[in-house]
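Chain B: place on chain A using the hints.
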Amino acid sequence: MNPGVKTLIMNKTLQIFLRPIWTDNPINIQMLGICSALAVTVQLKTAFVMALSMTFVLSCSSLMISLLRKQIPKNIRIIVELSIISTFVILTDEFLRAYMYDVSKQLSVFVGLIITNCIVLGRAEAFALSNPPHLAFIDGVGNGFGYGSVLLIVAFFRELLGSGTLFGIQMVPDVLYKAGYVDAGFMLLAPAAFIIIGLLVWLQKAVAGKRELDQ
Amino acid sequence: MENLIGIFLNSVFTGNILLAYFLGMCSFVAVSKNIDTAIGLGFAVVFVLTVTTPVNWLIYNYLLAPGALYWLGFPNLNLSFLKFILFIAVIAAMVQAIEMIIDRFSAALYAGLGVFLPLIAVNCAILGTSLFMVERNHTFIESVVFGFGSGVGWLMAIVSMAAIRIKLRYANPPYGMEGYGLTMIVTGLMAMAFMLFSGIVF
Chain A
5 MNPGVKTLIM NKTLQIFLRP IWTDNPINIQ MLGICSALAV TVQLKTAFVM
55 ALSMTFVLSC SSLMISLLRK QIPKNIRIIV ELSIISTFVI LTDEFLRAYM
105 YDVSKQLSVF VGLIITNCIV LGRAEAFALS NPPHLAFIDG VGNGFGYGSV
155 LLIVAFFREL LGSGTLFGIQ MVPDVLYKAG YVDAGFMLLA PAAFIIIGLL
205 VWLQKAVAGK RELDQ
Chain B
1305 MENLIGIFLN SVFTGNILLA YFLGMCSFVA VSKNIDTAIG LGFAVVFVLT
1355 VTTPVNWLIY NYLLAPGALY WLGFPNLNLS FLKFILFIAV IAAMVQAIEM
1405 IIDRFSAALY AGLGVFLPLI AVNCAILGTS LFMVERNHTF IESVVFGFGS
1455 GVGWLMAIVS MAAIRIKLRY ANPPYGMEGY GLTMIVTGLM AMAFMLFSGI
1505 VF
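If you read the protein sequences in the order shown, they are chains A and B. When we follow my numbering, the leftmost residue of the first sequence carries the number 5, and every step to the right adds one. When we follow my numbering, the leftmost residue of the second sequence carries the number 1305, and every step to the right adds one.
Keep in mind that the hints were calculated from the coordinates and are not lab data.
With a cut-off of at most 20 Å between alpha-carbon atoms, the simulated EDC-like pairs for lysine to aspartate or glutamate come out as follows: (1) A/Lys109 - A/Glu98; (2) A/Lys109 - B/Glu1439; (3) A/Lys209 - A/Asp28; (4) A/Lys49 - A/Asp106; (5) A/Lys209 - B/Glu1482; (6) B/Lys1337 - B/Glu1482.
These numbers were taken from a predicted model, which means no experiment stands behind them.
Chain B with its partners taken away, still in its complex shape:
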């Protein structure tokens, strides 16, 4: 249990998927202009990450990992090189499925998240979390917690960025610095603030 809390806090703060590993930057920069859309996209990412990371864990550990196919009678088979193509297929399919399910059962949620879901399929944070999950040898439960924590970390980063950018709208930056350049610098300062958490041992 302590271990799970550790993984959660680590993926939200010290190992923040965006501020420490730079994943999901493209949509982070593009969508953080407005706080409502930032919250919408953030929750969509939490949702998709919590679902796809465990699904990819199952696929990796029962189909792709070295020796994973022993239950089919192929104990020497190592298909792990197929992980990229299979993970991205799973992510694209899950995003599509989630979109249809939400559309069927909750019109309000669909109106809020619907537009962002297709964007998420190519968000590096999603694939990155699955690949980190493989690299760090998480167990199934750990992969659920890790996926959820990464999502929460990303949500927190994009919402605080959107809040900062709203304030910055009234700032008067030097020519060429406005918009994207300033966003990068502010992200750098945020990353610095998040690094302070790294002194805490979970």
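Isolated chain A, as found in the complex:
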């Protein structure tokens, strides 16, 4: 294989990996998978575990669906995809319950809801069904990271402003509390999650739009 073709392939793979992280971010741009993104972002720890579970399910199910793409009959593809996805979700859920029981309790139904997360089915339909396995896998990991990065950003602000901690470690110094600083309990409630995501979308669209104007 000559080097030019090789770099081209590398570039394409890299692009598939990077696109969902910024330009095609599943949450901020494509508006997919918001359901679970909001509920698990009260603490960084749960958000982190959720992001990892999502990346695992997304990459494995994309890989699996892509491997089977020539065997899956068109008419019943949705149910086949859903069964593959739920298999991986069950694996994740059992793993979390066995090794991280407290986090699994906090995530409650939201691990199970990865099944109906539009990102997973969306990637299966839009990408895995028509692309070779290694690309589908990379696409899955990229989308998982894109989803995870938004989750972590939201969780960062909610935990820092809402409880003054990051990953459970106190970040706001005692001096501030003594001087009368109070944690914003509002950040821990549902509306704050919506508003932070709204502001993030605004930021990303404004920055991305500006770059397009510059070019």
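Then chain B, alone, in the frame of chain A:
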């Protein structure tokens, strides 16, 4: 009876499936542009939730829960890890069945709801309600009320959102904020308004 009213009011207001638990956001954002389609999808969700939640209750309590298979002679069997795959299969099948029944008996209703029904199979609110039903140990009657109440709560949220978005069409938001970003912020404000109900003890 009081308990049932409590569950209903709780699932409609304080524990609104969309505004408090964030479920069903994808179709909420995508379909709330127009008030007629919002009403159509909302009623379809109420309908599907009222049917699937009790069906999943029966499946969970007679097949999957720890010790549920004692009537077959397997008192020690715990199949509850299969709930995800079975619930989603039931939901997909029920949605398909409901679509066929509506198509057979009411052309008008089919014309109104038909297009939305396939969308609903992957609406997180449906699976979420079934999973919450398991987690909260509802009885059969309670699960019917809970399913119906969650549906009504979702319907109310999406219809009011559609109404707000129609007004917002003439607003002039900053660049990058229009559409999705603004919808999220408005949803946040709505969630805040719904939180006021939480002071009321049902």
